[in-house]
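Peer 1: Here the protein sequences come in this chain order: A and B. Oh and the first sequence: position 213 is 213 in my numbering, straight run, nothing missing. Oh and the second sequence: position 203 is 203 in my numbering, straight run, nothing missing.
Fair warning: there could be bad hints in the mix.
Because identical chains cannot be distinguished in the list, a pair is counted as satisfied if it fits within a single copy or across any two copies.
[Stated by the list, open to error] Taking lysine to aspartate or glutamate pairs in the EDC-like style, the calculated list, with each CA pair at most 20 Å apart, reads: (1) 20 - 142; (2) 31 - 203; (3) 31 - 228; (4) 147 - 203; (5) 147 - 115; (6) 147 - 228.
Honestly, the hints are just simulated from the structure, not real lab data.
Protein chains: 2
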Amino acid sequence: MISKARLKYIKSLQVKKYRKQEQCFVVEGAKGVQELLRSSFETVIVVGTEDFIHKHEASIIRSRAEVIVSKPDDLAQMGSFQTNDSALAVARMQNNEPPSLGSGEFALLLDDIRDPGNLGSIIRTADWYGLHHVIASSETADLYNPKVIHATMGSFTRVKVYNTDLPEFVSTSGLETYGAFLDGEDVHSAIFGNGGLIVIGNESGGISKSLASMITHRITIPRLGGAESLNASVATAVILDNVVRGRLIH
Amino acid sequence: MISKARLKYIKSLQVKKYRKQEQCFVVEGAKGVQELLRSSFETVIVVGTEDFIHKHEASIIRSRAEVIVSKPDDLAQMGSFQTNDSALAVARMQNNEPPSLGSGEFALLLDDIRDPGNLGSIIRTADWYGLHHVIASSETADLYNPKVIHATMGSFTRVKVYNTDLPEFVSTSGLETYGAFLDGEDVHSAIFGNGGLIVIGNESGGISKSLASMITHRITIPRLGGAESLNASVATAVILDNVVRGRLIH
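Work the whole structure out from these sequences, hints included.
Peer 2: As structure tokens, this is what we get:
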């Protein structure tokens, strides 16, 4: 059984103010909790069904987290997703440290991605394509929002998100920058050089003016139909698929 | 001013049962309503701010829709999105007619895409890449759900969605079928022939067994990192980008 105090504490972490104060966040669902236990994040509390805890006993013991056994119905009430019927965890945030990008490495720059689902899906996509770093503007959705964490499907454990001022980051990085515009070079024939920053613009406004002027390679995703734009996470995936294409041996 | 009866009617269309009964659905936001007015869909009611109605007077008159002037605050209350401050419309559903695919044409087959945002984004992506038809299983989210219509960003006016039994559709179509699996041919080197059906699997379960056995071309999106899968709309975009690549003259 979970105590009222613990329940209140876990629920409070749905609010950004309390996450910041406690430096903790919630991971919901079996997949996310399993990935968390395997990761470099500190797991503070694991709440799970008897089944889940039994199945993952070794990794839970190793994590030294507080363990609370719960019924499936209670689990759904604790978190923000009604479909969770196996586990939930509280984890400690990691420091907001600037990434040191390796030679030939690509990273994403998120210019005000406001939708939590988009941010989560972008992190998951970055992880699929082997990227390790995402650099996000302060207007981008909070990584530790439960919707973001959930949409990453565990990829938050492998892709580090660093929040900073993007124009400043670009200018001090000295790296090549790529961004999608309507008048750029066809992404199918563009040459992605030896690493750099790929800028993903805001859902409705695209790439902001201050950043747009700093972009060294303007690219375009070919359009054959009537849609005016693509969803931000969809555009990210298409660009990354074209970036890695040249790097893979078939 | 909008009457109580009209307000109640519009609100009722957020529920599938009433949409089916009335054969009508709601389009929210300026972009969607503009696209609707330009489309082959019948517009039944336009609710808009004075500004919106003045700006789109010609197309609204042509549509012969009932026009209701509204304040921005009232508009947000009418629909399901709190950010709508310009227009909303009621439109008539179109018949669920089987598509007649042209030679060389590709269409998407959606095998239980349950998330409305995913379905909307898939329709938008299909539209971007010039597809005209989506064939969806009965377990796929309802096209006329306000969240789906909104996520299409107007593409529901150009891409027709047909609901049917997928295995039956595939077997009677006699077309080539493509589907993403973990053990398929690399999508970067796969040859997409002269049209066919591209199957997109369910968000958590992938492509169902009954359909999987009917797929003639198993493809795989190359993975370099740790994510186990891609979001369904993201995977759709990567596949379509590779399908059209061979067809474009650079």
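Peer 1: Classify it for me, residue 31 with residue 203: is the Cα-Cα distance of at most 20 Å met within a copy, between copies, both or neither?
Peer 2: Classified as between: cross-chain Cα gap 14 Å, same-chain 28 Å, threshold 20 Å.
Peer 1: Checking residue 147 and residue 115: alpha-carbon separation at most 20 Å within a copy, between copies, both or neither?
Peer 2: both (9 Å within a copy, 14 Å between copies)
Peer 1: Using 20 Å as the alpha-carbon threshold, which applies to residue 31 and residue 228: within, between, both, or neither?
Peer 2: Classified as between; 10 Å across copies, 35 Å inside a copy.
Peer 1: Within, between, both or neither: how does the pair residue 147, residue 203 come out at a Cα-Cα threshold of 20 Å?
Peer 2: both (17 Å within a copy, 16 Å between copies)
Peer 1: With 20 Å as the alpha-carbon cut-off, assign the pair residue 147 and residue 228 to within, between, both or neither.
Peer 2: between (27 Å within a copy, 18 Å between copies)
Peer 1: Under a CA distance limit of 20 Å, which applies to residue 20 and residue 142: within one copy, between copies, both, or neither?
Peer 2: So residue 20 and residue 142 pass the 20 Å test inside one copy only (11 Å; across, 38 Å).
Hint check: no violations occur; every hint is consistent with the structure.
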